[in-house]
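Enquirer: One letter stands for each residue in the lines below.
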Amino acid sequence: MGFTDRARRDGPVARGKRRLALVASVLALTTSVVALPAMGGSAGATSFKGSITIATVAPFTGADAALGPKYQAACLGATQAINASGGILGQKVNCKVVDTRGDPADAVPAVRQMYATTSNLALVIGCTSDEAATVVPIFGAHKTVSFCMTGQSEFDAVHFPYFFRLVPPDASDSVAMTQIAKRHGYKKIALAFGNDAGSQTFVQPALAAIKRAGMTVVSNQTLDMSATTFQTEAQAIVSAHPDAIMMEALGAAGVALLSEIYQLNGNKMIPTIGTSAMIDPVFFSGVTSGPIGVQNFISNFDADNPTVAVGGPAYPLYKKLILAQQGKVPGVPSFQGLLSANGTVHLYDGINLAALAMVMSGSTQGSKYKADILKIAAGGPGAITVSSYAQGLKALKAGKKIHYIGVGGSYKFDAFQTAFGPFEDDQYTANGTTVMVGSSLGYCNLTLCQAKP
Amino acid sequence: MSVFLSSLGFGIISAAVLAIATVGFTMQFAVTNVLNLAYGSVMINSAFVTYFLNIHGHLNAWVALIGGVATGSVASYLLNRFVYTPFQRRNLAPITIVIVALGVDLCGTFGLQAIVGGSYFTYRQSQGREWHFLGMYFSTLQLTIIAIALGVMIAVAWLLRYTRLGKAMRATSANPNLARNSGVRTQSVISTTWLISGALAGLAGTVFAMNTGVFEATSAQLYIVLLLAAMFLGGPGEPYGAMLGAATIGIATELSAAFINPQYKMVIAFVILLGMLTFRPYGLFGSERTA
Numbered sequence: 012m013g014f015t016d017r018a019r020r021d022g023p024v025a026r027g028k029r030r031l032a033l034v035a036s037v038l039a040l041t042t043s044v045v046a047l048p049a050m051g052g053s054a055g056a057t058s059f060k061g062s063i064t065i066a067t068v069a070p071f072t073g074a075d076a077a078l079g080p081k082y083q084a085a086c087l088g089a090t091q092a093i094n095a096s097g098g099i100l101g102q103k104v105n106c107k108v109v110d111t112r113g114d115p116a117d118a119v120p121a122v123r124q125m126y127a128t129t130s131n132l133a134l135v136i137g138c139t140s141d142e143a144a145t146v147v148p149i150f151g152a153h154k155t156v157s158f159c160m161t162g163q164s165e166f167d168a169v170h171f172p173y174f175f176r177l178v179p180p181d182a183s184d185s186v187a188m189t190q191i192a193k194r195h196g197y198k199k200i201a202l203a204f205g206n207d208a209g210s211q212t213f214v215q216p217a218l219a220a221i222k223r224a225g226m227t228v229v230s231n232q233t234l235d236m237s238a239t240t241f242q243t244e245a246q247a248i249v250s251a252h253p254d255a256i257m258m259e260a261l262g263a264a265g266v267a268l269l270s271e272i273y274q275l276n277g278n279k280m281i282p283t284i285g286t287s288a289m290i291d292p293v294f295f296s297g298v299t300s301g302p303i304g305v306q307n308f309i310s311n312f313d314a315d316n317p318t319v320a321v322g323g324p325a326y327p328l329y330k331k332l333i334l335a336q337q338g339k340v341p342g343v344p345s346f347q348g349l350l351s352a353n354g355t356v357h358l359y360d361g362i363n364l365a366a367l368a369m370v371m372s373g374s375t376q377g378s379k380y381k382a383d384i385l386k387i388a389a390g391g392p393g394a395i396t397v398s399s400y401a402q403g404l405k406a407l408k409a410g411k412k413i414h415y416i417g418v419g420g421s422y423k424f425d426a427f428q429t430a431f432g433p434f435e436d437d438q439y440t441a442n443g444t445t446v447m448v449g450s451s452l453g454y455c456n457l458t459l460c461q462a463k464p
Numbered sequence: 013m014s015v016f017l018s019s020l021g022f023g024i025i026s027a028a029v030l031a032i033a034t035v036g037f038t039m040q041f042a043v044t045n046v047l048n049l050a051y052g053s054v055m056i057n058s059a060f061v062t063y064f065l066n067i068h069g070h071l072n073a074w075v076a077l078i079g080g081v082a083t084g085s086v087a088s089y090l091l092n093r094f095v096y097t098p099f100q101r102r103n104l105a106p107i108t109i110v111i112v113a114l115g116v117d118l119c120g121t122f123g124l125q126a127i128v129g130g131s132y133f134t135y136r137q138s139q140g141r142e143w144h145f146l147g148m149y150f151s152t153l154q155l156t157i158i159a160i161a162l163g164v165m166i167a168v169a170w171l172l173r174y175t176r177l178g179k180a181m182r183a184t185s186a187n188p189n190l191a192r193n194s195g196v197r198t199q200s201v202i203s204t205t206w207l208i209s210g211a212l213a214g215l216a217g218t219v220f221a222m223n224t225g226v227f228e229a230t231s232a233q234l235y236i237v238l239l240l241a242a243m244f245l246g247g248p249g250e251p252y253g254a255m256l257g258a259a260t261i262g263i264a265t266e267l268s269a270a271f272i273n274p275q276y277k278m279v280i281a282f283v284i285l286l287g288m289l290t291f292r293p294y295g296l297f298g299s300e301r302t303a
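As they're listed, the protein sequences go chains L and C. Residues are numbered in our numbering as their position in the first sequence, beginning at 1, plus a constant of 11. Residues are numbered in our numbering as their position in the second sequence, beginning at 1, plus a constant of 12.
Bear in mind the hints are in silico, worked out from the structure with no lab data behind them. Small disclaimer: the values here were computed from a predicted structure and weren't measured. A hint or two may mislead.
[To be verified] Where chain L lies over chain C, by a calculated footprint (3+ residues, C-beta under 8 Å):
{"no.": "1", "stretch": "16 to 30"}
{"no.": "2", "stretch": "216 to 230"}
{"no.": "3", "stretch": "267 to 273"}
[What the hints assert, rightly or not] Computed far set for chain L versus chain C, every beta-carbon distance over 12 Å:
{"no.": "4", "residue": "Gln336"}
{"no.": "5", "residue": "Gly391"}
{"no.": "6", "residue": "Leu407"}
All C-beta atoms, glycine included, are put in the ideal place defined by N, C-alpha and C.
Put together the whole structure using the sequences plus the hints.
Expert: Below you can see the structure in the form of structure tokens.
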């Protein structure tokens, strides 16, 4: 018995429905793949005539949607201070959102649209591992300076003249995670990384580092970031009885996985070590509002994070500026949590470096000011140390050389324009901020990363 | 064996959620002749209404679920009344309605995302204790969802078999003109069907969000793929087929995750669908004469 009992005698009716359904199912499948990119174009703040635009090219929707708001907060904070000092070369600075959805296929048209609609683009920030490989060459072709949040290994060995990054290569990130595991005395490690490019880039370096450290990988799960539950993967991890899990799975996936592991492990959280991207207020809020709860989570979760000079001279202004963005950036549940967030800290510094370089060179064109970024970061004999745009501007106007030391400390760029310092082992506190529980992890350039952790 | 049994357990819970959704979906298609691809959007919007009532209204999640069910029901009714019916009255090609449904789906999903943002959400709700049964693991919450799914299946079967409305729905599905000439108030039946199937969408959306534990505005975006696979597997317009299709798809995707690769879950669902369309296009419960 069914709806179509009689339809079987009325063949054409049923056949018509089936044909329609068949066509529609194909259409639905196509749409499910195509529609998201189509909706994921760039949008954001209006740029004003005569002003300079900084574009935040990053995922604001999709699995890695938590990343973009962190970067946009950095942009709004930094430009607030820059504009308060009179802007750059007399021009106001705007921040523009360009949503890549964390997918290279969406990122390229979004970036092309950005260039088509933004005549005064002076700088790009963001560009995570999800999309960097496809968009950095486009930035280079347009001679646009970019400060990217990618640790991908291809940027370790190929020189992109307009590409800068203030974050470590993934190889060293994975070494730092392994060092945290070793300090805790863990022997058996499970890996759980999302199937997005940004997360998968950690896996091979992690496997190598774990092996060099004499530990064992007992389970290696790749998480489909479009899935909504991960019970089978969670069970595979629980059954492997790891001492700890190393993971990066942003968005709802990471929260769902940890919650399911917790439940399948008899309501006990397996100690987990995340990447620096998992120092994220949205992630914290998602996990702690679920079955794991705050106390369980903060006791069992560590993340490696490039060291933030909380006590440094740049920090108080940075803190004030970031907290002042409360309510201006959707998708950030706790601005306190951004104060030590890798992306927020380093892109704030990147914007200050670029802005001061523009002033120093007298131009907002990437081809003219990019060399001055290296000079300001390096300092050199006679250079005055500055920790804010206002201080740097004043010194430059006085005809002095400057050395910028930001919230992330001093930046010394290598031949591939990558600059990073040591990692620390961070844990969350009950209110979602982080506290350093270990330091001097993985201070490595690419050579040292090959050493035993 | 333990991996198989545990995956089977996960498949059963996936199937339970999918079954609630698929029965509503196939009922809607059979009676109204609209392949409502916005079904997933109705599901997730309903789940968010439940969330709002649970978190901001401080209601127990199971009480808040009533709000989600009501939202799905009313939203589906209004969707038919103000979107689909006007298009159908213009005697447009059926594929046009499908395109309209796609548009509604995108509006519903991304409109919701514009409101709630790219963040993710969790109900304030306990999962309950863990139950181990023949190598399978279920939380109390999941057992409750399975019980709800069974209840829905029984209720739908009873509705179709023993009630005047069910008979009228079947008659309208088979041949609306004949049903109308026989005295069935087909417009009323269709409106009621939207209300009932919408309620099932609201229920499915909420238990889907409860089961996943964490959800976002686009969480149900790909769910339509599983719905279509389950519906075709059982036979379009076949409620019992939908139940069996949901069970098969739910269990097959979880077993494939355990024994092949978790990334192939969606692939497996569509391989099953393509296989069914190739070898038995009328589905498990359909008849060759109608293919």
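Enquirer: State for each hint whether it applies.
Expert: Verification of the hints:
1. 16 to 30: Three-residue rule met by the stretch 16 to 30 of chain C, so holds; n is 5.
2. 216 to 230: holds (count 8)
3. 267 to 273: Coverage by chain L holds here, the residue count being 3 at a Cβ distance below 8 Å.
4. Gln336: The assertion about L/Gln336 holds, with a minimum of 15 Å to chain C.
5. Gly391: holds (43 Å)
6. Leu407: holds (38 Å)
In this structure, every one of the numbered hints holds.
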